[in-house]
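Listed in order, the protein sequences are those of chains A and B.
Be aware that the first sequence starts at 1, since it is given in my numbering, and climbs by one per residue.
Be aware that the second sequence starts at 1, since it is given in my numbering, and climbs by one per residue.
For the record, the hints were derived by calculation from the structure and aren't laboratory data.
Worth double-checking, as some hints may not be accurate.
Stated by the list, open to error - Going by beta-carbon spacing under 8 Å, a handful of chain B positions derived as facing chain A:
1. M96
2. S103
3. S104
4. A193
5. W296
6. A297
7. V298
8. D299
9. S302
10. I303
Unchecked claim - These stretches of chain A come out as covered by chain B in the derived footprint (C-beta under 8 Å, 3 or more residues):
11. 188-194
12. 230-239
C-beta: ideal position from N, C-alpha, C; glycine also.
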Amino acid sequence: MWRYIAQRILVSIPVVIMVGIITFTLVYVGPGDPAAIIAGDEATPEILEAIREDLGFNRPFPVQMGDWFWKLLQGDLGTSYFSKREITELITPRLQPTLSLGFQVVVLSTLIGISTGMLAAWKAGSRLDRNLMILAVLGFATPGFWLAFLTIWLFAVNLGWFPVIGYKPIQDGLIPHLHSMFLPVMVNSILASAFISRITRSAMLEVLREDYIRTARAKGASEFSVFIRHAFRPSAIPVATVIGASIAGLATGFVLTETIFAIPGLGRMLVDAIVRRDYPIIQALLMVVAIVLIGVNLIVDILYAYIDPRIRY
Amino acid sequence: MTEALLTVENLHTQFRTEGGVVQAVDDVSFNIQAGETFALVGESGCGKSVTALSIMGLIPNPPGEITSGSIEFDGVDLLQVSSTEMRSIRGSKIGMIFQEPMSSLNPVLTIESQLAEPLKIHIGLSSAAANDRAQELIDMVGIPDSKTRLKQYPHELSGGQRQRIMIAMAMACTPRLLIADEATTALDVTIQAQILDLMQEVTEKSGAALLIITHNLGIVARYADRVAVMYAGKLREVGDASDIYAASQHPYTVGLLRSVPRLDSEKGTPLSPIGGEIPDLTNLPGGCAFNPRCQWAVDRCSIEEPELIEIAQGKQVACFEHASVSLSV
Ligand SMILES: Nc1ncnc2c1ncn2[C@@H]1O[C@H](COP(=O)(O)OP(=O)(O)OP(=O)(O)O)[C@@H](O)[C@H]1O
Ligand code: SF4
Ligand SMILES: [Mg+2]
């Protein structure tokens, strides 16, 4: 198992490098002159030239990219054009809101998705099943921003149960923190759980047709035990895959959510950086997202082996 | 005759399918005595598994349904008991082994936990006691190295070993009846014999009756005391295995016998499979369902249905022409 993990990390290195090359190139050929962005409005051609010379923008493209990679290896994500501060320093305070949002959404959507999916499978063909699946279809047909504005309008503006904006860090206490995150967590969880729910239901129904389920019944196992003990784990593989995929989806969803709900996280940071053409930050954040997604994939693969003993690495 | 352990009477089980209602089991009656080995024989799709699943109360509903009849087991009518009572009978008083050794064990649970399960459910053993007993059961079915086996998963065992585990599981609570539904069909010939011997050994030891479901008459000759031959949902011939093997009086049974190699036949006798097709249950021919394939068929056969009648002590046949039917003709 450890060997497998080490191996997987090794093979993801070229992937990370590819992502690096692509992001660096995209940003390099993208519109706008970085020197002009740094210099601001009152730049004379002399100042621009000085900046280019100073930051090495005059060097050939491969050299610039090599330089960027080399610094990256040393944990140096570069310096913001806009604030002139180290990007690592800028990212650190942004981690907590995003990680907290991600963690809550993953936990909640998994719980909601699996439990409603299992309930639907348990009552397959019933009204409850149909209603749950209609909700699930609505769930993934609903645009995230629309649901976000709807919940803000209903729960924050009209009912006043939750703040419209106003993120509170965990340092202010867990309850205020969760309270301030409630709406964005709900919006993302509802959307992600719809998918998980459908997959759970169909995976369960498929497993329930297996021969070993008949064996379990022939042993006298109760329907509950057949469901939980015999059917759930074998059906968890596609569910784990979908949860992994929905985490990947969250990475993009958060850009939107953090903007709408004014959460000072990485998604917001990315939007701000794009608006300001703060290229080093864009590059750094894209790298972070890529590495997180590779990590999620790895975790899902390890989960497979845990779920199904036939899978050994 | 002693009191029967299992008495199936006028059992009707049907499935609602897109092609119409399938009468998979059509007015089937037979009984199994305590401790005897009874074989249910017939070609694929004739309703053997549905008969067994009806006894177990495991007909998937929908699409299946037992529409009438009675199944009396050990003094209770299994069709009248509550689902909770039925659950307490399944796996404790009646054990069942299935055809597919590769897929009949749960791939994500250890052998130990699957073996211990019926003991926990029915006898209420603690986990520790059930696990100890699970090891004894593995020893009983002749798998070496039981201690390591306990911690393994089904995919780490061979097909024959898995079927041994299925036997151990079905016998865990010393049932009075063991149903083996084509339990050896998917195995190598040599392993088949070992598994059948094992089933006979464990049932003999505990005094359980054994219901062997098969389409292999060779197995019947060697292991069964009595046999029932099924065709298109109906029983066609019932009797002592040795008698039917030597002197069957039903054209279908004769056809089956001619299609398998026999120990007592002269060398070089060619095997001849039954001609014609296995009938479509949604669209059975009128009269005797076997008539399109029957070499003895007379005019009457396509109009009237022969009833299963007792033609001698313990021997029943459903054929108008039974008196002239024999293996040598
Ligand atoms: N779940 C089901 N849904 C619909 N029809 C079914 C179902 N199970 C069985 N049947 C019908 O019942 C008939 C008898 O099936 P059964 O499984 O008892 O055959 P069998 O004698 O056990 O054959 P085999 O030797 O192939 O196992 C089949 O022809 C099929 O049409
Ligand atoms: S009743 Fe007629 S068709 Fe049916 S088995 Fe007998 S002889 Fe053949
Ligand atoms: Mg069958």
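Consistency of the hints with the structure:
{"no.": "1", "hint": "M96", "in the structure": "holds, 4 Å"}
{"no.": "2", "hint": "S103", "in the structure": "holds, 4 Å"}
{"no.": "3", "hint": "S104", "in the structure": "holds, 5 Å"}
{"no.": "4", "hint": "A193", "in the structure": "violated, 23 Å"}
{"no.": "5", "hint": "W296", "in the structure": "violated, 39 Å"}
{"no.": "6", "hint": "A297", "in the structure": "violated, 38 Å"}
{"no.": "7", "hint": "V298", "in the structure": "violated, 43 Å"}
{"no.": "8", "hint": "D299", "in the structure": "violated, 44 Å"}
{"no.": "9", "hint": "S302", "in the structure": "violated, 38 Å"}
{"no.": "10", "hint": "I303", "in the structure": "violated, 40 Å"}
{"no.": "11", "hint": "188-194", "in the structure": "violated (count 0)"}
{"no.": "12", "hint": "230-239", "in the structure": "holds (count 3)"}
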